[in-house]
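Engineer: The chain contents come next:
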Amino acid sequence: MQAYIIRRLLALIPTLIFASIIVFTTVRLIPGDIIDMMLSQNDISASKMDREALMATLGLDKPMWSQYLTWIGNLFKGDMGNSLWQSTPVTERLAQRIPVTFELGVLAILIGLLIALPVGVYSAIRQDTAGDYIARSFSILLLAIPSFWLGTMVVVIPSILWGWSPEVSYIPFWEDPWGNLKQMLVPAAVLGAALSAVTMRMTRTMMLEVLRQDYIRTATAKGLPERLVVFRHALRNALIPVVTLIGLQAPLVIGGAVIIEQIFGIPGMGTLLLDAVSQRDYPVITGVFLVVGLAVMLINLLVDLSYGLLDPRVRVRS
Amino acid sequence: MSAAAPTLTEASAEAPIKPAGFVRRLIRDKPLGAAGGLIFLLFLFCGIFADVLAPYGMNEINPIDRLQAPSWAHPFGTDNLGRDMLSRCLHGAKLSVIIGLSAATIATLISVLIGIATGYLGGKFDLIVQRFVDAWMSFPELIILIVVVSVLGPGMFQIIGTLGLLLGIAGSRIIRSAVVSVRENMYVHAAQSIGATTPRILWKHILPNILPPIIVLFTTRVGAVILAESGLSFLGLGVPPPAPTWGGLLSGSGRTYMFQGPWLALAPGLCLTVVVYATNVFGDALRDLLDPRLRGSR
Amino acid sequence: MKFSKVKSAIGGIALAGALSLVSGGALAQAPAEAPKYGGTLSVATIYYTISALTWDPADWNWKANHDTGQYFEQLFAADLSKSKKAGGKHAFVADAYLPLDAIRGELAESWSWKENPLRLEVKLRKGVMFPEKKGVMASRELVADDVVFSYNHLNASPKKIPSYFDHVTKVEATDKHTVLFTFKDYFAEWDYRFGWGYYSSIFPKEVVAAGAKDWKNHNGTGPFMLTDFVNGNSTTFTKNPIYWDKERIGGTEYKLPFVDKVIYRTIKDEAASYAALRTGRLDIHEGVRWSAVDELKKNAPQLKWSRHLNMVGTFLAMRVDTKPFDDVRVRRALNMAVNKQEIVKTFWGGNAELFGYPQHPDYVGYFEPLASMPESVKELFTYNPEKAKKLLAEAGHPNGFTFKVQVNANSPVHMDLLPMVAAYLEKVGVKMQIEPLEYGAFLSRMTSKTNSAGYFMDNGHTNPTTTIRKSFVTGQTWNPSQYADAALDKKVAAMYAERDEGKRQQMLKEMTREIVDKAPYIWLPTGYVYSAWWPWVKNYDGELRAGAVRPGPIYARLWIDQEQKQKMGFK
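Chains as they are written, first to last, in the working numbering: chain S, 1 to 318; chain X, 319 to 616; chain R, 617 to 1187.
In isolation and in its complexed conformation, chain S is listed as follows (with noise of 0.2 angstroms):
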C-alpha cells in the first residue's frame, strides 16, 4: 500500500511540471499585453523607451524560459512571484482565497449528500413508483436550469417578496462562524442543490444494481429487516461510484464556482483567476492553475485510496 501511495505521488510531479509549462506559456498568449493596460491607465501616450522601462520593472522582458526558470526556482523557496499589478506575494492573495473555496465547497458537497443520499436511496428502494419518477424528474430540472440563473432568482425573488436578501459581508470562519455562515450557507445550498442532483442519480443507479445481487437476496430471505439489508450491504458497495463522483465533484472544492461566487460576492479562487485573466496577471493565473491542479490530484489520490477502505476486492489486489 504505501508503495502504491509513493508511486502515485511521484507520478503526480511530471504532470505537474507539464501542466505548469503549458499554462505558464499559454497565458502569455492572451492578447493584449499587461503592459498595454497598463499604459492605457494613464492618458499620456508612452514612448518605447518607457515600455521597456515597465517590461523591466515586471520581469517581463526577459525570454520565456529564462522567466520560466526564475519561477520554478522560486517555487522551490515557497515563491510564487508577485502579482504584476498589487506586487503582493502571490501566495499571499492564494491564501486568502483558498479558504473561501474550500469552505465553500465542502459545504456545498455536504448539502448535496444530505439531499443526494436519501433521495437516491429511496428512490432505489420505492423504484418506479410516483416518488421516485418525482425524485428523479426533479433533479434532473436542477441540473438543467443554469447555476446562474437558479443563483440570481434566490438573490433578487426573496428581496422583492419578503425583503430579505443574502449577507454580503464575507467574515472569515475562525473570526466568527455564525457570521461566516451567514453567508455561505445559502450560495453552498444553490451549489449543493445543483451538485446534488447528478450525486442521486449516481446513488440510485449503483442502489439498484446492488441490490439485485444476490447477497442481498439471501440476507432479504433470511428474514433480515429492509432497513439493515440496505444500510450494512447495500449502501456500502453503492457507495464506491459515489466516492468517485465526489472525487470529480473535487475541482470545485478548490477551483471554485465562479458563477456563484460572482453572484453571491464571495471571494474566492473562482473570481480570483477570472479577475487575474482579464487582468492579465500572468504570476496569480499560474498561481491558481498550479495549486487547484495540485490539489485536485491530491485528492483523486485519497479518493482511490478510500477504495480500499469500502471495498475489499480492491485491498486484496493492491
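Please note that the accuracy of each hint is not assured.
To be verified - Selected chain X positions facing chain R (Cβ under 8 angstroms, derived; list incomplete):
| id | residue |
| --- | --- |
| 1 | Asn377 |
| 2 | Pro381 |
| 3 | Arg384 |
| 4 | Ser468 |
| 5 | Gly471 |
| 6 | Pro472 |
| 7 | Gly554 |
| 8 | Pro558 |
| 9 | Pro559 |
| 10 | Pro560 |
| 11 | Gly570 |
| 12 | Arg573 |
| 13 | Thr574 |
| 14 | Tyr575 |
| 15 | Phe577 |
| 16 | Gln578 |
By construction, these hints were calculated from the structure, which means they are not laboratory data. Here a beta-carbon is modelled for each residue, glycine too, at the ideal position from N, C-alpha and C.
For chain S, the structure is supplied; the task is to place chains X and R on it using the hints.
Structural biologist: Frame of chain S; chains X and R shown alone:
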C-alpha cells in the same frame, strides 16, 4: 479452430439492436424518455429549419416595438431593441443545434478514440495517457474555458472546439471502462487467436459492443454543451451578441430587463431548460434500455 | 506675459486661497437637522464591481484615490459647501474635475503665487495629526516635509506616468508648515497634476518604510482609517478620532466624521447589488442603471434618487488615417445617417442626452450646448439619411462601402448599441463588420494603435482640458481615430500655458467646436446614471467625488439617523 464465427453464447455479447422494436420498447417502458426524445427531435427540427420557421430575422432591430408583451404578432414578445423573441429563440435553437451537436460530436469522437486506444492496448501507453487525462481533469472545466476563450477570443468555433476537447477528454474514461469490460470476452480472444488485425478487431468486435455507452454519452453531452455555453455567456465569454444563443439571451437582456419584460428571460430560459431536460431524460432512457447490466430491470 | 493678466490670475487664485481660511464648510442652506453621530455606512460606490487594484501610491494606479482617499488627504479638495444641496451649482460628479470656484484647501490652509521664477507657496494647516499606527508610527503632526516626501516618492517611482510632473522644477519645505513649488512655466493643469488629482496623496514616510504595498501599514490624516480589506468583497474604514476638520451646520460647528464606519461593498453582480439595496443592506448605491430604476422605485419607494449624466462619451471612432475616413464628408455623412434622437428615446428610454461629449454639461464655462453651436455642428446631430447618401456619393461612395468595427465584447451596452448603429448605417449603404474582442485584447488594439478603421468605445472626460488633449492630440494613447492636426496640437499647448481661466475656456470652446465639426467620431448620446440612497442617510445628495475619484470628504460629512432606520424596519 474453424474459421467460422463463434456462436454468440456469451452473456456480454449483444444481439444487434432492432430499431423498430427498440422504439416500441422506449415508448412502452420509458414514456418520459420517449417524450424527451420527441422534444429532442423537435429541437433539431426547429434548429435546422429556423430560417424558414422564424417570422422575423435574427437581428431585426425595430426600436418602436421594444419590450412588447407576448401577443399574436409576437408570440414570445419583443426585446429591448424591438426584436421578435420567437425568431431570436428559433435562431438560438439553430445555434444550439450547431454548437451542441458539433461539440458533442467532437467530444464523443475524442472520447472514443482515447477510450478505445487506451482501453484496448493497455500497458504503458494506457498508463501514460491516463496520467495526461488525469492532469487535464485536474483543472475545473470553467477555468480552462476562461483561459482558452481569452486566448482565442470570443466566437462560436472557439467554444465548440474547446468544449469538445474538454468534454471529450473527460468522457474518455467512460468509454475506456466500457472497452476494458468488453475486451476480456471470449469473442475478442477468439478473433485475436485467429490472427485478426487490431483495427479489424476494434471495428468489428469492440466498437459495436460499446455503441450503447457511446450513444448515451453523445446525448448527454449535447445538454452539457448548451449549459456550458450559457455559463460562459454569463461570464461574458460566450458567443458574443447579437448572436441569440439561449444562454446569451438569458444572461444578458433576460437578466437586465427581468422586471420590465419577464418574457425576455422566460422564453430562452424555458427553451434551454426544456431541451436540456429532454436530452437528459432521453439519454437516461437510452442508457436504461441499452445497458446490458440493467437489462431485465426497468 | 502681460502683468495685468498675471495680476488677475493671481488675484483669482489668492481669493480662493483666502476663502479657504474659513475652516470647514460653509453654512448649509437646508434647514438644519442636527447631525447625529454613530452608525455604519454601507455603500456600493460608483466602482462597486472592483476592489482596490493596488494600495501603493507609487504604483500610479488611477483608482487609488477612491480607496486611499479616505485617509490620505491632499493639498486641495472640493468645497462641498458649493454643492447643489447647499444652494450652490455644482453636483460634484465629475471624475477628475473641480471647478475653480469650488476648490478649498484641505491640507493647505492658504497659497500664493510668486514670480521670477514662478513659484507657489503653500501654507499648511497647523495641528493636523497622523493617528498612531501600531508597528508603523506614533501619532505626530503633519509637516511640510511630508508633502515634499510624497511628491518625491511619486516622482521617483518606476511606474510614474512619463512627463506628468515635467512642469515642476522642484518641491521643498521652507519651514515646518510651508511648502514651496518651483515651476518651469505656468501649466493650466498644475493643481490637477499635484494638488487634488489622481496622484496627489500626502502620505508619511513611515508608511513607505513599513511597506506601502501592504494595506495594513497604511495611515493618514484623513477622516477615516483603513481597518479591514477583504479583496473582492469589502473595504472597511473606521472613524479617525483625532481628525482635524469640522463642519458648520445650522450655526453650530461639528467635529467630523459623523459615522463610525464606512464599508465599501464590492459586488460583481448587478442583480445582487440591487437586491442588497432593496433590503437595506446597502445605504447608498451609486451607479444604478436607468433600466433598473423603475422597478426599484416600485419595490422600495422610500429610496431617494439623484441622477447625473455619465462622465463618459460613447462613440464610434473612425481612423482618419485610412480610407474612406480620411474624407471629412464621409465622417459627417455617417453622423447624419444615425438617428440619435431615436437612440435616446428607444435605447436609453429617454434617459440620455444628445450632446455630452467631449465637454460635459457640468463643466460650467467650458460647455456649449448644442443649441448655441454653429449650424454645421448641429447638422451632425440631425437625422438626415438623404443628405448622408448625397455626401457619400460626393465623396466617391455612391453605393456605400464596408468597414470593420472592433468592440468590447464584455460590455453588454455596447454589444446592444452597436448593431443598432449598424442598422442605421446599412440604410445608407454602409455595412459594418463587427469584431467583438475581449476587453484586454480590445484595449491593447488602441494602445498599440493597431485598431481597425472603426472602433466603438466609451471614453471618460476626466476634465475639460484633458478630454481634448488625450483624445485629439497627435499620438496620444486614447486617440483611436489617430487624429493628428499640428495646428490643434499647438493650440492645446498654448491653452495649457494660458493663465487666465476665461481665456482658456474660450480656447477650449473653439477647439471643441472644431473637433466636433470635423467628426472624427460618430458622436452618440450619453446616458444618465442614477444614484439611490435610503432616507436615513443625511447631508448627502448624490455627490460622487470631491477630487479625482475621491469620495472621502463626502462620506465624512454625511450622517446616519439610526433611529429613523430602525423605525423603518431595518437594522
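Engineer: Against each hint, give a clear statement of whether it holds in the structure.
Structural biologist: Quick rundown of the hints versus the structure:
For asparagine 377 of chain X, the suggested interface contact is upheld, since its CB lies about 6 angstroms from the closest CB of chain R, less than 8 angstroms. Taking 8 angstroms as the C-beta cut-off, the interface hint given for proline 381 of chain X holds, the closest approach to chain R being about 3 angstroms. Among the interface hints, the one on arginine 384 of chain X holds; its C-beta lies about 6 angstroms from the nearest C-beta in chain R, closer than the 8 angstroms criterion. Here the hint on serine 468 of chain X is kept, as its CB sits about 6 angstroms from the closest CB of chain R, short of 8 angstroms.
Hint on glycine 471 of chain X holds. Least Cβ distance to chain R is approximately 6 angstroms, under the 8 angstroms limit. For proline 472 of chain X, the shortest C-beta to C-beta distance to chain R is roughly 5 angstroms, which falls under 8 angstroms, so the interface hint holds. Contact between glycine 554 of chain X and chain R, as hinted, is supported at the beta carbon level, the nearest pair being about 5 angstroms apart and thus within 8 angstroms. Checking proline 558 of chain X against chain R: minimum C-beta separation of about 4 angstroms stays under 8 angstroms; hint holds.
Hint status for proline 559 of chain X relative to chain R: holds, with the closest Cβ pair at about 4 angstroms, below 8 angstroms. The criterion of a C-beta within 8 angstroms of any C-beta in chain R is met by proline 560 of chain X, whose closest approach is roughly 5 angstroms, and the hint holds. Hint status for glycine 570 of chain X: holds, given a least beta-carbon distance of 6 angstroms to chain R, under 8 angstroms. Hint status for arginine 573 of chain X: holds, given a least beta-carbon distance of 6 angstroms to chain R, under 8 angstroms.
Hint on threonine 574 of chain X holds. Least Cβ distance to chain R is approximately 6 angstroms, under the 8 angstroms limit. Because the smallest distance between the Cβ of tyrosine 575 of chain X and any Cβ of chain R comes to about 6 angstroms, under 8 angstroms, the interface hint for this residue holds. Interface hint status for phenylalanine 577 of chain X: upheld, as the beta-carbon distance to the closest one in chain R is roughly 4 angstroms, under 8 angstroms. Of the supplied interface hints, the one on glutamine 578 of chain X holds, with its beta-carbon coming within about 7 angstroms of a beta-carbon of chain R, less than 8 angstroms.
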